[in-house]
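Position chain G against the provided structure of chain V, taking the given hints into account.
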Amino acid sequence: MTALTHLTMAGALDGLAKKEFTAVELTEAHVRAVEAVRPFNIFITETPDAALSMAKASDERRAQGTAGPMDGLPIAVKDLFCTKGVATTAGSHILDGFKPEYESTVTSQLWRDGAVMLGKVNLDEFAMGSATITAHQGETVSPWSPGAPGAWERKIVAGGSSGGSAAVIAARAALGATGTDTGGSIRQPAGYTGTVGIKPTYGRCSRWGIVAYASSLDQAGPMTRTVEDAAIMLRSMCGFDPKDSTSVDMPVPDFRAALTGDIRGLRVGIPKEYRVEGLSAEIAALWEQGIAWLKEAGAEPVEVSLPHTKYALAAYYIIAPAEASSNLARYDGVRYGLRVEGGNLKEMYENTRGAGFGKEVQRRILIGTYVLSAGYYDAYYNKARQVRTRIKWDFDEAFKSCDVILTPTAPSTPFAIGEKMDDPVQMYLNDVFTVPINLAGLPAMSVPAGLGADGLPLGLQLIGRPFDEETLLRVGQVVEKAANFSAVPPFVA
Amino acid sequence: MSLDKATVAKIAHLARIKVPDEELESLAGELSQILTFVEQLNEVDTKDVPPMTSVAAQKLRRRKDEVTDGGYAAQVLSNGPETAEGFFVVPKVVE
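Those sequence lines, one after another, are chains V and G.
Note that my numbering has the first sequence beginning at 1, numbered continuously upward.
Note that my numbering has the second sequence beginning at 1, numbered continuously upward.
Next comes chain V alone, as it looks inside the complex:
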């Protein structure tokens, strides 16, 4: 039998149903795996006791015939989701000691459906980053890093901001994990770790109880090892929530049923503007390969144009910091988290925020404050929102001639910690293929498609029409099968 930690969610559900093992056994195996991955600094908070009691309850439900669609599946939670009674840090010093009195809607739905929480995993501070290196709790190292744990030849990044989520499933220490994606924070780490990640359509998953970064862009989604598992987990995460004013009230399909493998006649858009400068030759070749796979399966590739692609990053780096500067105003040392005293209230605010926020977060708050300040609002913020409209129009136009769009997930294989980091603009280029999708509010996913010459994973991205996650998943599974990605990281638990 396959080791319990190497099962897919679908496989684990099958084994549980057939009584080949219990949820407690499955969870115990994962709790040991969580301990084994400690050198990679993936978990901020481990919750083994809660996991085992949730697993026990799951076995009881199954015995009574009331098991839910994810019953007994051990997962990790990005430490951006509020979890009742369990520390929630957003990777920031400023949330020291914060234990929410409430549970985020998305995680409460996962527990409702029977999932088991292994703990809270690392991220870039407040989800601002592409490498999971900026958290107060330290950097996460990818299990793809060559060399023995702790004595790596190169410390490869897991991507970000959902790098802990990506690393934990790649290392076989959880069957899935929640992520959030504001500019690529699910898809880019999935691409960097050979895993699957979906950013659903804006409004699909409730944002309630998720620490906010940029509210008009933030969206939660599943990260798993297979497309089928992503379909299973996505179904539990989605759904209308009156507590989120941007949550969309529409039925949640059985995404797994969409995985028919039949994509005959489907038109796959290939955006010519994504052939950017700096795109590595091996990514370009993989992209061509992806087109060929879909063609073999009966789909029809069509060239599409997204003329404002090159402006997406610039618009993003105004809109996201602007929203962040407003969202992060709440961290003031009064109601939760860190407080650094000062002579008066204003000094207390400034001292708390100066000590509590890391450098990248401060940089983005300052940019956001500047672009929203009197005299600059029109020139920067409104201009960026107009460009955002044009980017959305580009996609509307493109989807008149295609049903789904295929692109690379990131312009290169993952870099090593310490490389590329001096220049913030250079760092932002990691997100060049993923950011436009958040600006347009569309669903997109990354599917592992191959390895680079350096032995590190490469992903392909699929972009869908609003609320058409089903086509996305169907095509994603065709790519997954054709790529037959079976590589495992040098370290697995």
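Hints may contain errors.
Unchecked claim - Pairs of lysine-lysine, DSBU-like flavour, derived with a Cα cap of 30 Å:
hint, chain 1, residue 1, chain 2, residue 2
1, V, Lys-310, V, Lys-392
2, V, Lys-346, V, Lys-359
3, V, Lys-400, G, Lys-47
4, V, Lys-99, G, Lys-18
5, V, Lys-99, G, Lys-92
6, V, Lys-481, V, Lys-18
7, V, Lys-346, G, Lys-92
What the hints assert, rightly or not - A few chain V positions that, by computed beta-carbon distances, are all more than 12 Å from chain G:
hint, residue
8, Lys-18
9, Glu-20
10, Glu-28
11, Asp-49
12, Thr-66
13, Arg-112
14, Ala-258
15, Arg-267
16, Glu-470
17, Thr-471
18, Ala-483
19, Pro-489
Said to hold, decoys possible - To give a feel for the contact side, a few chain G residues facing chain V, derived at Cβ under 7 Å:
hint, residue
20, Arg-16
21, Lys-18
22, Ile-34
23, Val-38
24, Pro-50
25, Val-55
26, Arg-61
27, Gln-75
The hints are simulated quantities; they were obtained by calculation from the structure and are not laboratory data.
Idealized CB from N, CA, C, for every residue including glycine.
Showing chain G alone in chain V's frame:
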């Protein structure tokens, strides 16, 4: 666009973030770099283009103006760094 130290100090004050004087210079450089990068947006023709307010094709939902929640002050206060008698405590505001 290039920001000077004084402007950075002013933004930091508006954002209520204490930035040590010795860091203002390098921060000014980093922020200027980002502002220069975003200047390319001026190449885009946005005449008569509405600024996006909602990415989803729906109007902001309204709810009835009624109390549906509350009555647990102790939980609200439970994470406060300093609380007393049902209140959050802050340094004196009025001199």
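Taking the hints in turn, this is what the structure says about them:
For the suggested pair Lys-310/V and Lys-392/V, the alpha carbons sit about 13 Å apart, so the restraint of at most 30 Å is met. With a C-alpha separation of about 21 Å, the suggested pairing of Lys-346/V with Lys-359/V holds against the 30 Å cut-off. For the proposed pair Lys-400/V and Lys-47/G, the alpha carbon gap of about 24 Å is at most 30 Å, so the pair holds. Straight-line distance between C-alpha atoms of Lys-99/V and Lys-18/G comes to about 26 Å, which keeps the hinted pair within the 30 Å bound.
Between Lys-99/V and Lys-92/G, the direct Cα distance comes to roughly 27 Å. Compliance with the 30 Å bound is thereby established for this hinted pair. Between the alpha carbons of Lys-481/V and Lys-18/V the distance comes to roughly 26 Å, so the proposed pair stays at or under 30 Å and holds. With a C-alpha separation of about 10 Å, the suggested pair Lys-346/V and Lys-92/G falls inside the 30 Å cut-off, and the hint holds. In this structure Lys-18/V is separated from chain G by more than 12 Å, as the shortest Cβ-Cβ distance comes to about 42 Å.
Every beta carbon of chain G lies more than 12 Å from that of Glu-20/V, the smallest distance being close to 42 Å; the non-interface claim holds. At roughly 32 Å from the closest C-beta of chain G, the C-beta of Glu-28/V stays outside 12 Å, upholding its exclusion from the interface. With a least beta-carbon separation of about 21 Å from chain G, Asp-49/V lies farther than 12 Å from that chain, consistent with its non-interface assignment. At roughly 29 Å from the closest C-beta of chain G, the C-beta of Thr-66/V stays outside 12 Å, upholding its exclusion from the interface.
Against chain G, the non-interface label of Arg-112/V holds: every CB pair exceeds 12 Å, the least being about 20 Å. For Ala-258/V, the condition that its CB be more than 12 Å from all CB atoms of chain G holds, with the nearest at approximately 21 Å. Remark: the non-interface label on Arg-267/V is consistent with the geometry, its nearest Cβ contact in chain G lying 22 Å away (cut-off 12 Å). Non-interface status of Glu-470/V relative to chain G is upheld: no Cβ of that chain comes within 12 Å, the nearest being about 18 Å off.
Consistency note on Thr-471/V: stated as away from chain G, and its beta-carbon is indeed over 12 Å from all of that chain's, at 18 Å minimum. Every CB of chain G is more than 12 Å from the CB of Ala-483/V (nearest about 31 Å), matching its label as outside the interface. Its beta-carbon lying about 34 Å from the closest one in chain G, Pro-489/V satisfies the requirement of being farther than 12 Å from that chain. Interface restraint check for Arg-16/G: the shortest CB-CB distance to chain V comes to about 4 Å, inside 7 Å, so the restraint holds.
For Lys-18/G, the interface hint holds, since its Cβ comes within 7 Å of a Cβ in chain V; the closest pair sits about 3 Å apart. Because the beta carbon of Ile-34/G sits about 6 Å from the nearest beta carbon in chain V, less than 7 Å, this interface hint is met. A distance limit of 7 Å between C-beta atoms decides the matter here; for Val-38/G the minimum to chain V is near 4 Å, and the interface restraint holds. About 6 Å separates the beta-carbon of Pro-50/G from the nearest beta-carbon of chain V, less than 7 Å, and the hint is met.
Annotation: interface hint on Val-55/G holds; nearest CB of chain V at approximately 3 Å, less than 7 Å. Checking Arg-61/G against chain V by beta carbon gives a least distance of about 6 Å; that is within 7 Å, so the hint holds. At its closest, the beta carbon of Gln-75/G sits 4 Å from a beta carbon of chain V; the interface hint therefore holds under the 7 Å criterion.
The earlier numbered hints are all upheld by this structure, with none contradicted.
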